[in-house]
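Student: Fit chain B to the supplied structure of chain A, relying on the hints for placement.
Chains as they are written, first to last, in our numbering: chain A, 55 to 494; chain B, 55 to 494.
Hint data in this document are derived by calculation from the structure and do not stem from the laboratory. Any given hint might turn out to be false.
The list treats identical chains as one, so a pair stands whether inside a single copy or across any two.
In silico DSS-like links for lysine-lysine, alpha-carbon gap of 27 Å or less [claimed, not checked]:
#	residue 1	residue 2
1	K178	K93
2	K371	K108
3	K78	K93
4	K93	K260
5	K114	K371
Keep in mind the model is a prediction, meaning the values are calculated, not measured.
2 protein chains.
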Amino acid sequence: MADSNSVRLRVFSLNCWGIRYLSKHRLQRYAMIGELLSKEQHDIVLLQEVWSEKDFLGLKRKLSSSHPHSHYFRSGVIGSGLATFSRHSIHDAFLYRYSLNGYPYMAHQGDWFGGKSVGMVILKIGRLTAHVYVTHLHAEYCREKDSYLPHRVVQAWELQQFIRHTSCGSDLVILGGDLNMHPQDLGTRLLRTSTGLLDGYTETAKFDGCEDGFTHVADNPFINPKELYPFDKGIRIDYIFYKGSGTVSVRCESLSTTKGSVPNQPFPYSDHEALCAELQLQNQTAGGGNTRKEPDLAAGKLAELVDIVTEARTEVKVGLHCAERRRYTAARTGVMGLALLLLELAIAAVPCLALGADQPFPRASFYLLGALCFAILFSAFLLYVFYTMELKALQGAEDQMRLAVGSLQERLKEFSTAQPLNSICRPSDRQDPFCLEPKE
Amino acid sequence: MADSNSVRLRVFSLNCWGIRYLSKHRLQRYAMIGELLSKEQHDIVLLQEVWSEKDFLGLKRKLSSSHPHSHYFRSGVIGSGLATFSRHSIHDAFLYRYSLNGYPYMAHQGDWFGGKSVGMVILKIGRLTAHVYVTHLHAEYCREKDSYLPHRVVQAWELQQFIRHTSCGSDLVILGGDLNMHPQDLGTRLLRTSTGLLDGYTETAKFDGCEDGFTHVADNPFINPKELYPFDKGIRIDYIFYKGSGTVSVRCESLSTTKGSVPNQPFPYSDHEALCAELQLQNQTAGGGNTRKEPDLAAGKLAELVDIVTEARTEVKVGLHCAERRRYTAARTGVMGLALLLLELAIAAVPCLALGADQPFPRASFYLLGALCFAILFSAFLLYVFYTMELKALQGAEDQMRLAVGSLQERLKEFSTAQPLNSICRPSDRQDPFCLEPKE
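Same shape as in the complex, but just chain A:
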């Protein structure tokens, strides 16, 4: 039972699969989701793939009394698809758009057009400040040969950077969303280890839901089970993460997922299962909020993080190699287009070169070939520009990772020279932060 020092917070997360004209039974499913949310009255609702603003506004109307506060994150061409509803007032909002997110010419997959991002809202829950994040990473279309892995790793890197750097000063951090990564995938480990966030599923005292916490299950009528290969029953790619602070300890009392079908309804809420976590917040008498950006890490954790960031760096390097190759191909295609154009012009100018003096270059062929050359040149130019941007983003992430590994290794050295744990972060240091030798 709750006493005056504890608060219970219910957090809901769902990938709504709300693609206009493409997602089956979209409107009926949104009606079902709206009913569920207004009935259940979760404190915080984190939605993904709400691609249409109309659908968001429909939900907003429906939830105006149960969830008076909301924010819709706009980004990219279609939007970020991210939306949040809250019973507690939203104080501030900020969006970070990932620097990499697939390719625009893979239009049938649509990820690039979605402008995938991480959205942050700052909630005031009484006198508590909660930093709540919602995100959706690039989809995994083929696990065996996942060409988007470097992009997703960079997204996970940027996600943990964003959370680490912006959550300082908060009493409570919550992250919900569809990471499109399994629990033991590189990106998930990177996120968990670097931020100190806890996974609701592994931490919960009580779980009720699909086998192994799956959120993308083979039984779902909207899923083609072949897409899940090599996993027969399902995968866990949606999460609710959380962490407390010096002022608040957080415990996950229970975690539940929907189980496919919905009572009295012909189909489930979405092609993903929804997650609901019940968090118990307990007032801590001592300490302050998250006053430093780095989690307080022990030597073992630091070493683990060094390994994970090194692994991520390797993956980014693979991505760099592929992006360089792609850019080279675009440049070569452009050069070929230009050569073809020059050749055509030469033939047209001096017909005897190829066709003989009595056979002028047929006009129609001339124009058709010219148009083709221009099309090749222009496309190659656009692709070259795009791949250069991809390269810069990958190199930027790799630079940051190298810096992080260096910094972590330095801290590890501090441990080995028998300095006390978390010497940089100790609150007592704040009493006398100066140890620089004054100049002159």
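Tutor: Then chain B, alone, in the frame of chain A:
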């Protein structure tokens, strides 16, 4: 004279104007800049427009002993142009790329290709943590009719959001760069008021430099004075901002700018003047770092901020209106291209429609017209996609501004109902952050 409780920190900022093949005397100027920096040994060096990585690496080699720590921020197609050198160790780096930054088809201006951003490095200065930001905003090409104003306002909005949300927990915040905004411009006021950052030029005890602190002066041989119109002598668009925290108070002891010519050299360092601030940090016995993201604002400041954000919102709405019009034009052009293509196909299929049965559609004209139609359609599609992204970014910023105004007005109301100053931010609140009514 410095005592053990005080530290002097020298910060340098310069827009290097380092465009390969275009910027005059680039290599000689970099050599001069390198010499200046290695001689002066500033603690922190913030550079903008270092467009070529080769130039950065050249500087890095030259400064390897005076400034052993450095970071180069990569972004966009050419790069962000941002670089930082430091005598103190760089602990972490993070980049935020602005969501809006001009148009790719304005290739001669080049802003879009630059991927303008704000870069952050976290320095360890003894036991102090300093958050150091470097940025470069979109250029102002015509002050009378500044079509990039909404983009620059959104950049200023995102800049202040980024600094507010990431600087928490720091002892010292420094921002240097070329804002391309005058001191009383909307974006500068927005940045200053919302973050609480102090402008080195207005705060300094001692100033030595160009008249009125100008950093872009008419006398500079690389500048066409007409570009400065209606300002005859120069403008101040480069800044060093700073603020302390509960642990450290900061005073700007002196600020200087270069004054065009360099002794024994035929030309100045750049088309901008360099800035150098000498900051005096003083240990504060009480308090902690920047534990909350909002600056502690009095009622007057809050009201001023509400006005400024409202003004920014109006500017963004103007931008929205223009972007909508541009997108509409792109859509209309696309429809016209499609209509032309269909018309051509109809004429080719049924020649008697326009040309009479005995006159078939000339093949060359058919292909040429077809290629033109496709070119129109493709360009219109690309522009439509781009303008949609622009619209989303503007709408997103406007949403955030609306939320911020609401939140600020709420705090103003709290003031009027006689609540004590900064009731949300008082450190004493952290002793008992819970005042939520427990559920059930």
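Student: With reference to the structure, classify each hint as holding or not holding.
Tutor: Now for the hints, and whether the structure bears them out:
no.: 1; hint: K178 / K93; in the structure: within (23 Å within a copy, 50 Å between copies)
no.: 2; hint: K371 / K108; in the structure: between (41 Å within a copy, 20 Å between copies)
no.: 3; hint: K78 / K93; in the structure: within (24 Å within a copy, 68 Å between copies)
no.: 4; hint: K93 / K260; in the structure: within (22 Å within a copy, 64 Å between copies)
no.: 5; hint: K114 / K371; in the structure: between (43 Å within a copy, 23 Å between copies)
Comparing the model with each numbered hint stated earlier shows that all of them hold.
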